[in-house]
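K.L.:
Construct the complete structure from the given sequences, taking the supplied hints into account.
There are 4 protein chains.
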Amino acid sequence: MKTTAFQHRFTVGLPDTDAAGVLFFGHLFRHAHDAFEAFMEQCGHPIPQLVAGGTWGLPIAHTKADYLRPMRHGERVTVEVTVRELGDRSFRLGYRFRGPGGTLRARAETVHVATAAGDGTSRSLPDSLRNALAGGPADRGD
Amino acid sequence: MKTTAFQHRFTVGLPDTDAAGVLFFGHLFRHAHDAFEAFMEQCGHPIPQLVAGGTWGLPIAHTKADYLRPMRHGERVTVEVTVRELGDRSFRLGYRFRGPGGTLRARAETVHVATAAGDGTSRSLPDSLRNALAGGPADRGD
Amino acid sequence: MKTTAFQHRFTVGLPDTDAAGVLFFGHLFRHAHDAFEAFMEQCGHPIPQLVAGGTWGLPIAHTKADYLRPMRHGERVTVEVTVRELGDRSFRLGYRFRGPGGTLRARAETVHVATAAGDGTSRSLPDSLRNALAGGPADRGD
Amino acid sequence: MKTTAFQHRFTVGLPDTDAAGVLFFGHLFRHAHDAFEAFMEQCGHPIPQLVAGGTWGLPIAHTKADYLRPMRHGERVTVEVTVRELGDRSFRLGYRFRGPGGTLRARAETVHVATAAGDGTSRSLPDSLRNALAGGPADRGD
Numbered sequence: 647m648k649t650t651a652f653q654h655r656f657t658v659g660l661p662d663t664d665a666a667g668v669l670f671f672g673h674l675f676r677h678a679h680d681a682f683e684a685f686m687e688q689c690g691h692p693i694p695q696l697v698a699g700g701t702w703g704l705p706i707a708h709t710k711a712d713y714l715r716p717m718r719h720g721e722r723v724t725v726e727v728t729v730r731e732l733g734d735r736s737f738r739l740g741y742r743f744r745g746p747g748g749t750l751r752a753r754a755e756t757v758h759v760a761t762a763a764g765d766g767t768s769r770s771l772p773d774s775l776r777n778a779l780a781g782g783p784a785d786r787g788d
Numbered sequence: 647m648k649t650t651a652f653q654h655r656f657t658v659g660l661p662d663t664d665a666a667g668v669l670f671f672g673h674l675f676r677h678a679h680d681a682f683e684a685f686m687e688q689c690g691h692p693i694p695q696l697v698a699g700g701t702w703g704l705p706i707a708h709t710k711a712d713y714l715r716p717m718r719h720g721e722r723v724t725v726e727v728t729v730r731e732l733g734d735r736s737f738r739l740g741y742r743f744r745g746p747g748g749t750l751r752a753r754a755e756t757v758h759v760a761t762a763a764g765d766g767t768s769r770s771l772p773d774s775l776r777n778a779l780a781g782g783p784a785d786r787g788d
Numbered sequence: 647m648k649t650t651a652f653q654h655r656f657t658v659g660l661p662d663t664d665a666a667g668v669l670f671f672g673h674l675f676r677h678a679h680d681a682f683e684a685f686m687e688q689c690g691h692p693i694p695q696l697v698a699g700g701t702w703g704l705p706i707a708h709t710k711a712d713y714l715r716p717m718r719h720g721e722r723v724t725v726e727v728t729v730r731e732l733g734d735r736s737f738r739l740g741y742r743f744r745g746p747g748g749t750l751r752a753r754a755e756t757v758h759v760a761t762a763a764g765d766g767t768s769r770s771l772p773d774s775l776r777n778a779l780a781g782g783p784a785d786r787g788d
Numbered sequence: 647m648k649t650t651a652f653q654h655r656f657t658v659g660l661p662d663t664d665a666a667g668v669l670f671f672g673h674l675f676r677h678a679h680d681a682f683e684a685f686m687e688q689c690g691h692p693i694p695q696l697v698a699g700g701t702w703g704l705p706i707a708h709t710k711a712d713y714l715r716p717m718r719h720g721e722r723v724t725v726e727v728t729v730r731e732l733g734d735r736s737f738r739l740g741y742r743f744r745g746p747g748g749t750l751r752a753r754a755e756t757v758h759v760a761t762a763a764g765d766g767t768s769r770s771l772p773d774s775l776r777n778a779l780a781g782g783p784a785d786r787g788d
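Chains as they are written, first to last, in our numbering: chain A, 647 to 788; chain B, 647 to 788; chain C, 647 to 788; chain D, 647 to 788.
Don't take every hint at face value.
Because identical chains share one entry, a pair is satisfied inside a single copy or across any pair of copies.
[To be verified] Straight-line distance between alpha carbons at most 25 Å, and here's what the computed SDA-like set of lysine to any residue pairs gives: (1) Lys710 x Ala784; (2) Lys648 x Asp765; (3) Lys710 x Asp680; (4) Lys710 x Gly745; (5) Lys710 x Asp734; (6) Lys648 x Cys689; (7) Lys648 x His691; (8) Lys648 x Gly690; (9) Lys648 x Arg715; (10) Lys648 x Glu726; (11) Lys648 x Gly700; (12) Lys648 x Gly748; (13) Lys648 x Asp680; (14) Lys648 x Arg753; (15) Lys648 x Arg738; (16) Lys710 x Gly787; (17) Lys648 x Arg730; (18) Lys710 x Val759.
Hints listed in this document are in silico derivations from the structure and should not be mistaken for laboratory results.
P.N.:
Structural data, given as structure tokens:
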């Protein structure tokens with residue numbers, strides 16, 4: 647178990663913003679997913695291979711987000727990814743979005759469920775993935 | 647108080663899908679917001695005027711979604727919008743996404759907070775908006 | 647050959663806009679593609695079946711757009727789709743985006759090439775599709 | 647005048663792909679704009695300040711793209727930005743998208759027009775921007 651979150655960085659671009667001048671709330675999830683993909687690659691389970699392989703899946707069953715302070719055009723944002731829950735068939739990741747100086751701007755969660763190819767019923771997480779997540783940055787959430 | 651949800655329809659287009667062949671979870675919020683904007687227009691408070699006016703705002707402070715069954719490319723989806731909570735300074739809307747035949751595919755929520763222009767502190771909802779929401783389709787959620 | 651363009655309508659939503667307060671140029675192509683998918687369904691060749699079928703493809707090889715006047719948040723836009731060129735292996739569609747009152751806001755083009763599954767080499771358009779396009783709304787462009 | 651293009655990198659994420667398994671053509675422009683914003687910052691004219699300043703604008707009047715080979719989920723892509731034309735009131739940028747190994751996957755162009763605030767009529771480019779672009783990576787296109 648690590649104590650330091652996995653970090654992913656992005657800059658708020660014009661396509662992220664809306665007419666209110668700040669990051670559109672729905673675009674947060676694209677950046678959360680980019681962070682998730684970078685995290686999974688580091689875990690040794692790159693999502694592109696999983697999606698292309700087609701032998702099992704890892705769809706998102708639940709997501710949520712709290713928007714605390716606006717993220718403005720041009721700001722550098724750091725996404726911190728942590729493992730919040732690790733079950734037999736699913737896991738929960740946490741995301742903290744921090745602006746320059748480390749201020750918390752938003753937090754989010756995604757719950758991923760392992761599914762069998764074909765009928766999409768849930769299945770146990772592969773051992774190698776469970777082990778990788780168990781060794782990842784843990785966090786009880788807030 | 648109405649008992650029938652406000653309805654908004656869309657078709658899952660290719661830009662909504664991802665390499666897994668189904669609606670990408672983050673794109674759900676664009677469609678939820680389209681439904682929200684259509685609902686607010688019916689309530690007599692069109693979002694474009696609110697955003698352009700700049701005298702007060704209605705940013706989203708919280709959102710969540712449950713994904714129950716995939717939404718596939720080409721499917722006609724109906725979004726049902728209901729009012730789940732109506733406070734002095736904020737309100738909570740519920741969204742149910744139904745596929746052909748009415749099967750529930752996903753549900754979502756958004757919490758909107760009224761803010762003053764300038765410093766972005768919260769303020770009371772304008773009476774006309776509170777009255778419109780109080781007369782809208784209520785729902786305790788699930 | 648028809649003389650009236652195929653029509654598709656949308657409303658500029660907050661997720662379509664950017665911090666400059668108008669439709670972000672890149673989002674135009676999502677709406678063009680929605681119009682394309684509605685047009686192809688009317689032609690009897692729905693894109694979802696083509697993509698899921700996997701026996702041939704119709705990728706976009708070229709696109710362009712001219713932005714004449716901004717499209718603002720809340721505006722109702724009509725997209726007019728016409729067939730500009732019909733070859734053995736490809737076709738070119740034109741799109742005109744008109745605001746309320748019919749003013750031209752933007753125009754765009756997409757070139758679609760028929761490809762064989764597997765290696766992605768070009769192939770002749772299926773006769774039924776060529777016939778449907780030949781009977782569609784023609785237009786030499788501008 | 648430089649001879650080396652400005653470079654911007656991104657990884658094709660799941661939200662970039664569509665059900666056909668490759669980058670959706672319209673999402674190319676979001677990445678082109680990210681590259682443009684990074685380039686403009688290097689030129690000393692960050693777009694966020696320009697948009698927020700509101701004293702003049704730089705809207706996109708024209709864009710086009712050629713898609714040569716698909717960009718697949720997980721691929722590292724390098725965007726090369728060059729200056730293709732520099733006029734009194736507008737400029738044209740070129741973008742080349744290269745996959746691993748340098749293969750050309752797509753190319754694109756954007757034409758930006760300087761506009762006055764308020765009525766949106768065109769105006770001369772500020773000298774400092776013209777000088778920065780004149781000293782940038784030139785390219786006659788292809």
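K.L.:
With reference to the structure, classify each hint as holding or not holding.
P.N.:
Going down the list of hints, with the structure as the test:
For a Cα distance limit of 25 Å, the shortest separation of Lys710 from Ala784 qualifies both inside one copy, at 18 Å, and across copies, at 22 Å. Taking CA atoms no more than 25 Å apart as the test, Lys648 paired with Asp765 passes in neither setting, with 35 Å inside one copy and 39 Å between copies. For the identical chains of this complex, Lys710 and Asp680 are neighbours both inside a copy (16 Å) and across copies (19 Å), given an alpha-carbon limit of 25 Å. Within a single copy, Lys710 and Gly745 get their C-alpha atoms as close as 19 Å, and across copies as close as 22 Å, so both meet the 25 Å cut-off.
In this homomeric assembly, Lys710 and Asp734 come within 25 Å of each other (Cα to Cα) both inside a single copy, at 21 Å, and across copies, at 23 Å. For a Cα distance limit of 25 Å, the shortest separation of Lys648 from Cys689 inside one copy, 13 Å, qualifies, whereas the shortest one across copies, 40 Å, does not. Taking the closest pair of Cα atoms, Lys648 and His691 come within 25 Å of each other only inside a single copy of the chain (18 Å); across copies the shortest separation is 41 Å, beyond that limit. For the identical chains of this complex, Lys648 and Gly690 are intra-copy neighbours only, at 16 Å inside a copy versus 40 Å across copies, given an alpha-carbon limit of 25 Å.
In the homo-oligomer, the alpha carbons of Lys648 and Arg715 never lie at most 25 Å apart, since the shortest distance is 28 Å inside one protomer and 34 Å across protomers. Taking CA atoms no more than 25 Å apart as the test, Lys648 paired with Glu726 passes inside one copy only; the shortest distance there is 13 Å, against 38 Å between copies. Within a single copy, Lys648 and Gly700 get their C-alpha atoms no closer than 31 Å, and across copies no closer than 44 Å, so neither meets the 25 Å cut-off. When the C-alpha separation of Lys648 and Gly748 is checked against a cutoff of 25 Å, the pair qualifies only within one copy, where the shortest distance is 20 Å, while the shortest distance between copies is 37 Å.
Taking CA atoms no more than 25 Å apart as the test, Lys648 paired with Asp680 passes inside one copy only; the shortest distance there is 21 Å, against 33 Å between copies. For a Cα distance limit of 25 Å, the shortest separation of Lys648 from Arg753 inside one copy, 20 Å, qualifies, whereas the shortest one across copies, 34 Å, does not. In the homo-oligomer, the alpha carbons of Lys648 and Arg738 lie at most 25 Å apart inside one protomer (16 Å), although the nearest pairing across protomers, at 37 Å, exceeds that limit. Both within a single protomer and between protomers do Lys710 and Gly787 lie at most 25 Å apart by alpha-carbon distance, with minima of 12 Å and 16 Å respectively.
In the homo-oligomer, the alpha carbons of Lys648 and Arg730 lie at most 25 Å apart inside one protomer (12 Å), although the nearest pairing across protomers, at 40 Å, exceeds that limit. Taking CA atoms no more than 25 Å apart as the test, Lys710 paired with Val759 passes in both settings, with 15 Å inside one copy and 17 Å between copies.
Checked against the numbered hints above, the structure breaks hints 2, 9 and 11 and satisfies the rest.
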